[in-house]
Amino acid sequence: MTSSTVLAPVSLGELLDKISILEIKESRIVEESKLVNVRTELCCLCAIRPVSLVGNLAIEQWVRLLREANTELWDLEDRIRDKERAGEFDDEFVEIARLIYRTNDKRAHAKKMINTICGSQIVEEKSYQPYDD
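Just so we're aligned: the sequence shown equals residues 13 to 145 in my numbering.
Hint data in this document are derived by calculation from the structure and do not stem from the laboratory.
Do not take every clue at face value.
As the list claims (entries may be wrong) - Simulated crosslink set (DSS-like; lysine-lysine; CA at most 25 Å straight-line): (1) LYS37 / LYS124; (2) LYS118 / LYS138; (3) LYS30 / LYS118; (4) LYS124 / LYS138.
What the hints assert, rightly or not - DEER-style ranges, computed between Cβ atoms: (5) SER16 / ASP144: 44 to 52 Å; (6) VAL106 / LEU69: 32 to 40 Å; (7) GLU35 / GLY99: 28 to 36 Å; (8) ASN49 / TYR113: 26 to 34 Å; (9) TYR143 / VAL18: 33 to 41 Å.
Beta carbons are placed, not taken as given, at the ideal position from N, Cα and C, and that holds for glycine.
Using the sequences and the hints given, assemble the complete structure.
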């Protein structure tokens with residue numbers, strides 16, 4: 013660790029979430045200078061990912077759902093930013109915004125399930141009012 017990095021305790025769900033986001037960035041970002049930073053961080057985080065997770069089907073299922081949610085969020089964020097840039101605050105804009113928070117709820121659920129399965133001492137909690145579908 014250098015003086016410019018910090019070691020902070022995080023839940024396993026948070027670590028795996030961050031890794032999945034970095035993997036998406038690695039596959040989508042084209043600017044080389046940004047890719048260097050993404051790959052550096054990804055390498056650091058993968059190095060501390062517990063080896064015992066490999067082959068754990070229960071965890072792998074939730075990691076897959078986490079990756080799907082993060083990929084969907086990436087695409088939704090691109091779409092809503094395009095609408096914002098164009099000044100189009102129409103029904104589609106509202107639907108995208110709603111999909112973002114619903115997909116974030118799926119993401120939070122996947123992280124919580126990973127933490128529950130692994131018996132994590134650190135568990136992220138959310139406090140939102142329920143909404144009807």
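(message) Tell me the hint numbers this structure goes against, listed in increasing order.
(response) Of the numbered hints given earlier, the structure breaks none, since each of them holds.
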